[in-house]
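**Student:** Listed below, chain by chain, are the residues.
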Amino acid sequence: MSFIDRAAAALADPVLKTAVERTAGTAEANRAVAVEAFPDFAAARARAAAIKDHVIANLGEYLERFEANAVAAGARVHWAGTADEACAIVVDICRAAGAKTVARSKSMLGEEIGLPHALAEAGIERIETDLAEHIIQLADEPPSHIVWPAMHKTRDQVSALFRRHHASPHEDESIAAMAESARRHLRERMLGADIGISGANFLVADTGAVCTVTNEGNAELSLVPPRVHIVTAGIEKLVPSMGHAVHMLRMLARSATGAALTQYTTFYSGPKRADDADGPEEMHIVLVDNGRTAMREEGLAEMLRCIRCGACMNHCVVFRQIGGHAYGGTYPGPMGAVLTPALSGLAANRDLPQACTLNGKCQEVCPVAIPLPTLLRGWRERSWREGLEPVTTRWGVRVWACLAKRPRLYRFATSAAILGMRLWGGGGWSRSLPLAGGWTRHRDMPAPEAASFMAQYARGRRR
Amino acid sequence: MTPASSPRVALFVTCLVDLIRPRIGFAALRALEAAGCEVVAPEGQTCCGQPALNSGDRDSAVALAKSTIAALEGHDHVVVPSGSCAATIREHYPELLADDPDWRERAVGLAERTWEVLAYLDEVRGWRPDTVCAATAVYHDSCSGLRELGIKTQPRRLLAGVDGLALVPLAGEETCCGFGGTFCVKYPAISNAIVEEKADAIEASGAELLLAGDLGCLMNMAGKLHRRGSKVRAFHAVELLAGMGDGSAIGEEG
Ligand code: SF4
Chain A
1 MSFIDRAAAA LADPVLKTAV ERTAGTAEAN RAVAVEAFPD FAAARARAAA
51 IKDHVIANLG EYLERFEANA VAAGARVHWA GTADEACAIV VDICRAAGAK
101 TVARSKSMLG EEIGLPHALA EAGIERIETD LAEHIIQLAD EPPSHIVWPA
151 MHKTRDQVSA LFRRHHASPH EDESIAAMAE SARRHLRERM LGADIGISGA
201 NFLVADTGAV CTVTNEGNAE LSLVPPRVHI VTAGIEKLVP SMGHAVHMLR
251 MLARSATGAA LTQYTTFYSG PKRADDADGP EEMHIVLVDN GRTAMREEGL
301 AEMLRCIRCG ACMNHCVVFR QIGGHAYGGT YPGPMGAVLT PALSGLAANR
351 DLPQACTLNG KCQEVCPVAI PLPTLLRGWR ERSWREGLEP VTTRWGVRVW
401 ACLAKRPRLY RFATSAAILG MRLWGGGGWS RSLPLAGGWT RHRDMPAPEA
451 ASFMAQYARG RRR
Chain B
1 MTPASSPRVA LFVTCLVDLI RPRIGFAALR ALEAAGCEVV APEGQTCCGQ
51 PALNSGDRDS AVALAKSTIA ALEGHDHVVV PSGSCAATIR EHYPELLADD
101 PDWRERAVGL AERTWEVLAY LDEVRGWRPD TVCAATAVYH DSCSGLRELG
151 IKTQPRRLLA GVDGLALVPL AGEETCCGFG GTFCVKYPAI SNAIVEEKAD
201 AIEASGAELL LAGDLGCLMN MAGKLHRRGS KVRAFHAVEL LAGMGDGSAI
251 GEEG
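Chains as they are written, first to last, in the UniProt record's numbering: chain A, 1 to 463; chain B, 1 to 254.
Calculated directly from the structure, the hints in this document are not laboratory data.
Any given hint could be a false lead.
Stated by the list, open to error - Result set (EDC-like, lysine to aspartate or glutamate): computed pairs, CA atoms no more than 20 Å apart in a straight line:
{"hint": "1", "chain 1": "A", "residue 1": "LYS405", "chain 2": "B", "residue 2": "GLU43"}
{"hint": "2", "chain 1": "A", "residue 1": "LYS17", "chain 2": "B", "residue 2": "GLU197"}
{"hint": "3", "chain 1": "B", "residue 1": "LYS152", "chain 2": "A", "residue 2": "GLU364"}
{"hint": "4", "chain 1": "A", "residue 1": "LYS17", "chain 2": "A", "residue 2": "ASP5"}
{"hint": "5", "chain 1": "A", "residue 1": "LYS405", "chain 2": "B", "residue 2": "GLU203"}
{"hint": "6", "chain 1": "B", "residue 1": "LYS231", "chain 2": "B", "residue 2": "GLU253"}
{"hint": "7", "chain 1": "B", "residue 1": "LYS186", "chain 2": "A", "residue 2": "ASP5"}
{"hint": "8", "chain 1": "A", "residue 1": "LYS17", "chain 2": "B", "residue 2": "ASP200"}
{"hint": "9", "chain 1": "B", "residue 1": "LYS66", "chain 2": "A", "residue 2": "GLU381"}
{"hint": "10", "chain 1": "B", "residue 1": "LYS231", "chain 2": "B", "residue 2": "GLU203"}
{"hint": "11", "chain 1": "B", "residue 1": "LYS66", "chain 2": "B", "residue 2": "ASP76"}
{"hint": "12", "chain 1": "B", "residue 1": "LYS152", "chain 2": "A", "residue 2": "GLU381"}
{"hint": "13", "chain 1": "A", "residue 1": "LYS100", "chain 2": "A", "residue 2": "GLU125"}
{"hint": "14", "chain 1": "B", "residue 1": "LYS152", "chain 2": "B", "residue 2": "GLU173"}
Said to hold, decoys possible - Listed next, with one range per pair, are the computed distances between beta-carbon atoms:
{"hint": "15", "chain 1": "B", "residue 1": "ARG228", "chain 2": "A", "residue 2": "ALA177", "range": "37 to 47 Å"}
{"hint": "16", "chain 1": "B", "residue 1": "GLU33", "chain 2": "A", "residue 2": "ALA42", "range": "30 to 40 Å"}
{"hint": "17", "chain 1": "A", "residue 1": "GLY25", "chain 2": "B", "residue 2": "ALA134", "range": "29 to 39 Å"}
{"hint": "18", "chain 1": "B", "residue 1": "GLY150", "chain 2": "A", "residue 2": "GLY345", "range": "32 to 42 Å"}
{"hint": "19", "chain 1": "B", "residue 1": "ARG8", "chain 2": "A", "residue 2": "ALA42", "range": "44 to 54 Å"}
{"hint": "20", "chain 1": "A", "residue 1": "GLY420", "chain 2": "B", "residue 2": "ARG228", "range": "24 to 34 Å"}
{"hint": "21", "chain 1": "B", "residue 1": "ARG8", "chain 2": "A", "residue 2": "GLY25", "range": "46 to 56 Å"}
{"hint": "22", "chain 1": "A", "residue 1": "ALA12", "chain 2": "B", "residue 2": "ASP76", "range": "51 to 61 Å"}
As the list claims (entries may be wrong) - Here are some chain B residues pointing at chain A (derived, C-beta under 7 Å):
{"hint": "23", "residue": "VAL132"}
{"hint": "24", "residue": "THR136"}
{"hint": "25", "residue": "THR153"}
Glycine is no exception: its CB is placed at the ideal position from the N, C-alpha and C atoms.
Assemble the whole structure, with the sequences as input and the hints as a guide.
**Tutor:** Shown next as C-alpha cells:
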C-alpha cells in the first residue's frame with residue numbers, strides 16, 4: 001500500500017481519529033502547562049540542543065569514553081554497524097546464554113533494527129513488558145507512536161484483546177481491572193525470563209551507565225531478575241555526564257507528557273557486583289550505528305539531537321489526522337518523515353517529506369530545537385534532484401518558474417489565466433475548475449478579479 | 001524629506017494577490033500611503049519562488065530569487081501582504097544565495113529591508129488605522145508569519161484601531177489550516193480533514209468575519225466555509241485597515 005492509500009484508510013477510520021485525538025490532545029495540553037511553569041524553557045531548550053550538538057560533533061571521543069567506563073563497571077560493549085549486525089549480536093548472546101525467553105522493555109531502536117522479528121526467527125519467545133507494547137504484541141501490530149505505541153487502540157479494542165489472550169481476564173470493564181489482568185498475565189512470565197532486553201534513553205559517558213525511563217516500572221522488573229541484561233542503543237544517545245542526563249530528562253518528560261519526571265528513572269551501571277543483593281550476572285551493551293554516522297555527514301546531523309519525546313507528532317496537524325501507521329516506518333510524524341528516508345531509502349518514502357504543510361509547529365515544540373521543516377525541505381530537494389517527483393509536478397513547477405522569470409510573458413499568461421477562469425466559472429465561487437481538482441474536490445475556488453493587480457496598476461489604478 | 005519620515009516603499013503584491021485578489025494589493029497601497037510612505041509597485045515583480053523552494057526545485061528557486069531581488073532592490077523597504085512570501089525573502093533568499101559571491105550581499109540587503117505589511121505598519125511605522133467596520137471577527141495566525149517572522153500581536157494591535165470591529169477568540173488560532181501551498185493539491189484528502197476542523201472552529205466562534213494575513217490560507221479556509229454553506233466572510237486584515245471591509249469579501253463578485 002502506498003502512503004496515500006494508508007492515509008486514506010486512516011482518514012476513513014473515525015475510531016482511529018478519536019483515539020489519536022484523545023492521547024495527542026491531552027499531551028499537547030499538558031505539555032503547554034509544564035512549559036509555561038518551567039523557568040525559562042527557551043534557555044533550557046537551547047542548552048539541550050547545545051549538549052546534543054557537542055556530543056554529536058565529538059561522537060568518537062564520547063563513545064570511547066563511554067565504552068571504557070562501561071567496561072570498567074563490568075559490562076561488555078558490542079559495536080553494530082547495521083541493523084542486521086545488531087540483531088545477530090543480540091541473538092548470539094541469547095544463544096550463548098541458552099535463553100528461551102526474553103523480557104523486553106519498550107525500545108524504539110529495537111523496532112528500528114527489527115529485533116522482534118529476529119528473535120522470532122531464532123525461535124526465542126519475546127515477552128513485551130510495557131503495557132502498550134503488550135497490547136500491540138497481542139494485536140500483532142507495529143507501534144503507531146514512539147511514546148504510546150498503542151495510541152491507535154481504544155479501550156474496547158484492548159478489552160477484547162485481553163479477553164481473547166489472557167488466561168484469567170478482567171471481570172469488569174474498568175481500566176484498573178484491565179491493567180490488573182495484564183499484570184497477572186505478564187508478571188510471572190517476566191520473572192521467569194532468561195534475559196532482559198532494553199533500549200536506552202541516555203548513555204552516560206563519564207560513568208558508563210545506561211538510563212531508562214518508564215511509567216510502569218516494567219524496565220526494572222524485566223531487567224534486574226534475569227541472568228543477562230542486553231541493551232541496544234543508538235550511538236546518538238550519549239550525553240557527557242549525569243548532570244547532562246538530568247537536564248535532558250527534564251526536557252524529555254515535560255515534552256512527552258507534561259510530567260516533571262517519569263515515574264521510574266533508572267541508571268544501570270554494569271552487572272551485579274559481589275556485594276549487590278540482586279542484578280544480572282552479565283550486562284551487554286550493543287551500540288548501533290545503522291546509518292547514524294552517515295546522517296551526520298549528509299546534512300542530517302541536527303536530527304541526531306532527537307530524544308524521542310514525540311512532541312513533534314503530538315502537535316502535527318497531519319499526524320493528528322492520519323495517525324502513525326500511515327507513515328509506514330518505525331518512526332511516524334515529522335521526525336519519522338526525516339528519519340525514515342534515511343533508514344529505508346528516499347525512493348520508497350518520497351511522500352513522507354512532501355506530506356507536510358511546513359507550518360513549523362514541530363520545530364517550535366521540539367525540546368532540542370531540531371529544524372524539522374528545513375530537514376524536510378532538504379529531502380524534497382534531493383527527491384527533485386534524483387528525479388523522484390512525478391512528471392506533472394516537475395512540469396508544473398518548471399513551467400511556472402519559466403514564466404515567472406519573464407515578467408512580460410508572465411503578465412500575458414496571468415491575463416489569459418484570469419480570462420480562462422472567469423469564462424469557465426463566471427464571477428464568484430466555482431465548484432469545479434479544470435486542472436484544479438485537488439482543490440475543488442473539497443472546497444470552492446474564488447474567481448479572480450477581472451484583471452491582475454499589475455494590469456490594473458499599469459492602467460493607473462492606485463486605490 | 002528624509003527616508004525615515006517618508007520612506008520609499010516597493011510593494012511586492014505576491015503572485016496570488018496579483019492573480020486572484022488585486023484588492024488586497026490596493027488595500028496595502030492605501031494603508032501604506034496613509035502611514036506616510038511613498039509607494040510603488042515595481043514592474044519586474046512576479047513570484048518570489050516559494051512554490052519552487054518548497055517543491056525542492058532549488059535551481060528555479062534560485063533563479064526566481066535573483067529576478068525578484070533585481071526587481072525589488074533600490075527602495076528603502078519592500079513590503080509584502082503575505083507572511084509566507086515575506087519569510088521567503090527574509091529567511092530563505094540569504095540561504096539560497098549564500099554561496100554566490102555576486103548575489104549573497106544583494107540577498108542579505110533585500111532580506112533586511114523586507115517586511116510583512118502588518119508588521120511594517122505596526123512596528124516600523126507605528127501607524128494606527130482610522131477606519132470603521134462594524135462586525136465580529138476572528139483572526140487566524142498564518143504559520144509562516146507567526147513562526148518565521150513572529151507576527152502575532154501586530155495585526156491585533158492594528159485591528160484594535162478599526163472602529164466597531166470586535167475580535168473574538170478562535171480556538172486553535174495558531175493551528176495550521178492545512179493549506180501548505182502545493183500540499184493542499186498533492187494531498188487533498190489530508191488537507192481537507194485539517195481545514196474541516198478549522199472551519200468547525202471558525203463557525204463555533206460565532207464570528208461574522210474571518211481575517212488573516214495570507215491569501216493562500218484565506219482561500220483555503222474561505223473556500224471550505226463556502227462549500228459548507230457557511231455565512232462567514234473572509235478578508236485580508238489589511239483590507240479592513242484600509243477601510244475596504246465594506247466591499248466584497250473573498251469569493252464575492254463585485
Ligand atoms: S524531533 Fe524533537 S520533538 Fe520530535 S521526537 Fe525528536 S526530540 Fe521530540
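**Student:** Hint by hint, which ones does the structure fall short of?
**Tutor:** 5, 12, 19, 23, 24, 25
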